[in-house]
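Asker: Each chain, written out:
Number of protein chains: 2
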Amino acid sequence: MTIVKIAISGKGGVGKTTIASALIKSFAETHQTVYAIDGDPDACLAAAIGIPAKVSAGIKPVVEMGEKIKSVSGGGAIYTLNPTIDDSILEEYCHSHGNIRFMRMGDVKKGGSQCYCRENTFLQALISLLLLDKDEVVIMDMGAGIEHLSRGTARGVDLMVVVVEPSRNSVNTAMNVMGMAADLGIGRIRIVGNKIRSEKEKEFIEKSFQPGKVLGYISFSNDIWENSMDPVSASTEDELLNGMREVREKILGEAGGIQRSKGGGPV
Amino acid sequence: MTIVKIAISGKGGVGKTTIASALIKSFAETHQTVYAIDGDPDACLAAAIGIPAKVSAGIKPVVEMGEKIKSVSGGGAIYTLNPTIDDSILEEYCHSHGNIRFMRMGDVKKGGSQCYCRENTFLQALISLLLLDKDEVVIMDMGAGIEHLSRGTARGVDLMVVVVEPSRNSVNTAMNVMGMAADLGIGRIRIVGNKIRSEKEKEFIEKSFQPGKVLGYISFSNDIWENSMDPVSASTEDELLNGMREVREKILGEAGGIQRSKGGGPV
Chain R
24 MTIVKIAISG KGGVGKTTIA SALIKSFAET HQTVYAIDGD PDACLAAAIG
74 IPAKVSAGIK PVVEMGEKIK SVSGGGAIYT LNPTIDDSIL EEYCHSHGNI
124 RFMRMGDVKK GGSQCYCREN TFLQALISLL LLDKDEVVIM DMGAGIEHLS
174 RGTARGVDLM VVVVEPSRNS VNTAMNVMGM AADLGIGRIR IVGNKIRSEK
224 EKEFIEKSFQ PGKVLGYISF SNDIWENSMD PVSASTEDEL LNGMREVREK
274 ILGEAGGIQR SKGGGPV
Chain F
24 MTIVKIAISG KGGVGKTTIA SALIKSFAET HQTVYAIDGD PDACLAAAIG
74 IPAKVSAGIK PVVEMGEKIK SVSGGGAIYT LNPTIDDSIL EEYCHSHGNI
124 RFMRMGDVKK GGSQCYCREN TFLQALISLL LLDKDEVVIM DMGAGIEHLS
174 RGTARGVDLM VVVVEPSRNS VNTAMNVMGM AADLGIGRIR IVGNKIRSEK
224 EKEFIEKSFQ PGKVLGYISF SNDIWENSMD PVSASTEDEL LNGMREVREK
274 ILGEAGGIQR SKGGGPV
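These protein sequences, in sequence, are chains R and F.
For any residue, its number in my numbering is found by taking its place in the first sequence, counting from 1, and adding 23.
For any residue, its number in my numbering is found by taking its place in the second sequence, counting from 1, and adding 23.
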């Protein structure tokens with residue numbers, strides 16, 4: 024079992040992007056390349072990993088890559104492509120930030136213009152097409168709710184991480200996500216409990232899922248809450264990053280130990 | 024200017040459903056009928072207005088109404104229907120709860136089966152088709168993020184209420200929503216500030232929008248937070264309901280005073 028493609032899911036507001044950005048940073052300590060993909064058109068992953076708004080606004084959305092691939096491959100549906108994406112094409116749609124390669128799914132559209140089906144379809148194809156080395160990993164922050172699952176956008180990932188907070192509604196969404204991810208053939212679905220303020224809240228989440236499903240718990244952070252009005256909120260605090268390093272180790276442990284290129288960060 | 028069709032929008036986690044349910048309850052005090060529509064397939068509006076999970080699970084999603092209308096109208100696209108929905112058809116897809124008539128857009132689907140475009144298209148048609156009396160109102164809780172706007176689901180509403188919390192990301196989403204709602208020709212877009220804990224947070228929201236755009240502020244509620252693990256969280260607390268009564272009065276005031284059938288609740 025190799026885990027190199029990870030999707031982050033969950034109800035709106037549970038902290039998907041915060042958890043995704045910390046997981047991305049923690050994998051960047053142990054892996055040569057972390058592909059960080061923002062799969063939410065209402066996006067804020069770039070800011071969370073420290074890419075300034077001016078820079079991220081200039082990054083071409085990957086949905087446009089489809090046209091590019093068609094033009095170099097001589098036409099035809101992208102699904103029939105040779106499953107190797109030309110790195111020079113990929114380069115055009117990636118923003119490198121340390122050893123993080125950031126991509127985003129799509130732009131904000133004009134109201135009433137269209138759905139995001141095309142973006143989701145291409146993103147799904149891209150996930151499948153990406154052939155990764157052992158020291159590379161993809162982490163994808165999905166949109167809120169369940170439509171990326173009904174659409175099958177996350178098909179092809181090795182691990183679905185569902186972020187939950189200690190609320191009934193967020194656990195209900197996680198249950199829906201788990202069922203739908205299983206429909207997609209995603210073999211491994213795990214939980215990260217976020218915004219935990221007490222032992223009672225931790226137990227609430229622990230009891231809501233089967234034993235072994237919860238990868239870790241992240242404490243409620245007053246700092247993150249207080250700083251949310253700040254224009255730049257890139258400074259993921261140490262406690263969060265430490266928590267996600269433990270989650271990373273569990274992911275790698277479950278996967279039977281992926282080879283590392285960079286010797287492992289502190290745990 | 025008549026305001027009878029209201030959509031509630033905003034970033035995931037800002038409290039859309041909490042605000043929507045309190046607004047629905049406050050309008051139920053002054054209006055003969057409040058059509059409450061859950062436009063999010065990852066739904067929890069029913070629970071928030073006090074409909075038990077067992078009951079809400081049995082309510083037919085409105086997307087199925089399209090087939091029904093076709094069958095009684097002798098076929099043809101629903102868009103070419105005479106713009107009067109047969110009340111006996113509507114009845115089949117509504118659950119009455121006091122003078123609230125609850126409807127939901129769609130069911131949770133199998134993973135990878137399809138998008139929610141069909142549901143959104145029908146919901147948009149339904150909003151347009153509903154001919155309301157002066158003492159009736161529609162309040163629709165939209166899915167998180169912006170896709171219901173790019174799809175145009177909310178086209179035809181008279182007022183878009185965007186819920187924001189005091190965070191940069193939630194204000195950014197509100198800005199996107201406002202631009203896209205204007206694209207859709209929605210003439211009136213207003214803000215409700217939620218989860219306010221300090222004067223500073225209130226000012227942050229006040230300064231983020233043009234004067235007059237903010238309909239009201241709802242204080243952060245520790246009770247709502249603490250009770251979120253509870254299976255039933257129907258008890259909208261008094262403070263929230265009072266706040267939303269004030270919001271209702273502003274909405275009605277801006278609309279030039281809609282006739283009431285029930286003499287007005289406390290403000």
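There could be a bad hint or two in this list.
In silico lysine-lysine, DSS-like type, Cα no more than 27 Å apart, as pairs [stated by the list, open to error]: (1) F:225 to R:230; (2) F:133 to F:157; (3) R:133 to F:77; (4) R:132 to F:77; (5) R:236 to R:157; (6) F:236 to R:230; (7) R:236 to R:225; (8) F:273 to R:236; (9) F:132 to F:91; (10) F:230 to R:132; (11) F:91 to F:77.
Which stretches of chain R does chain F cover? Using the computed rule of at least three CB atoms under 8 Å from a CB of chain F, they are [stated by the list, open to error]: (12) 28 to 36; (13) 51 to 60; (14) 112 to 122; (15) 164 to 171; (16) 195 to 206.
To be clear about the criterion: a stretch of chain F counts as covered by chain R if any three or more of its residues have a C-beta under 8 Å from a C-beta of chain R, and this derived list gives those stretches [stated by the list, open to error]: (17) 48 to 60; (18) 133 to 142; (19) 204 to 212.
Keep in mind that the hints were calculated from the coordinates and are not lab data.
Beta carbons: idealized from backbone N, C-alpha and C, even for Gly.
Asker: Now look at each hint and say whether the structure bears it out.
Answerer: Status of the hints after comparison with the structure:
Proximity of residue 225 of chain F to residue 230 of chain R is assessed by CA-CA distance (about 37 Å); at most 27 Å being required, the pair is judged violated. Between residue 133 of chain F and residue 157 of chain F the alpha-carbon distance is near 40 Å, which puts this suggested pair outside the 27 Å criterion. Of the pairs offered as hints, the one joining residue 133 of chain R and residue 77 of chain F is violated, with about 39 Å between alpha carbons and a cut-off of 27 Å exceeded. With a C-alpha separation of about 38 Å, the suggested pair residue 132 of chain R and residue 77 of chain F falls outside the 27 Å cut-off, and the hint is violated.
In summary, the hint linking residue 236 of chain R to residue 157 of chain R is supported, as the alpha carbons are separated by about 25 Å, within the 27 Å threshold. Taken as a hint, the residue 236 of chain F and residue 230 of chain R pair is broken in the structure, with Cα atoms around 44 Å apart against an allowance of 27 Å. In summary, the hint linking residue 236 of chain R to residue 225 of chain R is supported, as the alpha carbons are separated by about 13 Å, within the 27 Å threshold. Between the alpha carbons of residue 273 of chain F and residue 236 of chain R the distance comes to roughly 48 Å, so the proposed pair goes past 27 Å and is violated.
This hinted pair checks out: residue 132 of chain F and residue 91 of chain F have alpha carbons roughly 20 Å apart, not beyond 27 Å. Among the hinted pairs, residue 230 of chain F with residue 132 of chain R is consistent with the structure: their alpha-carbon atoms are about 26 Å apart, no more than 27 Å. For a cut-off of 27 Å, the pair hint linking residue 91 of chain F to residue 77 of chain F stands: about 24 Å separates their Cα positions. Note: the region 28 to 36 of chain R has 3 residues with beta-carbon separation from chain F under 8 Å; the three-residue rule is met and the coverage holds.
With a cut-off of 8 Å between beta carbons, the region 51 to 60 of chain R has 0 residues touching chain F; three or more are needed, and the interface restraint is violated. For the region 112 to 122 of chain R, the proposed coverage by chain F is not satisfied: 0 residues have a C-beta within less than 8 Å of a C-beta in that chain, short of the threshold of three. Judged by the Cβ-Cβ criterion of 8 Å, the region 164 to 171 of chain R is covered by chain F as claimed, because 5 of its residues qualify and three suffice. Taking a C-beta to C-beta cut-off of 8 Å, the region 195 to 206 of chain R contributes 8 residues in contact with chain F, enough for the three needed, and the coverage statement holds.
Counting residues of the region 48 to 60 of chain F whose CB lies closer than 8 Å to any CB of chain R gives 0, which falls below the minimum of 3, so the coverage claim is violated. Coverage of the region 133 to 142 of chain F by chain R holds in this model, with 8 residues showing a Cβ closer than 8 Å to a Cβ of that chain against a need of three. Residue count for the region 204 to 212 of chain F with a Cβ under 8 Å from a Cβ of chain R: 4. That meets the three needed, and the coverage hint holds.
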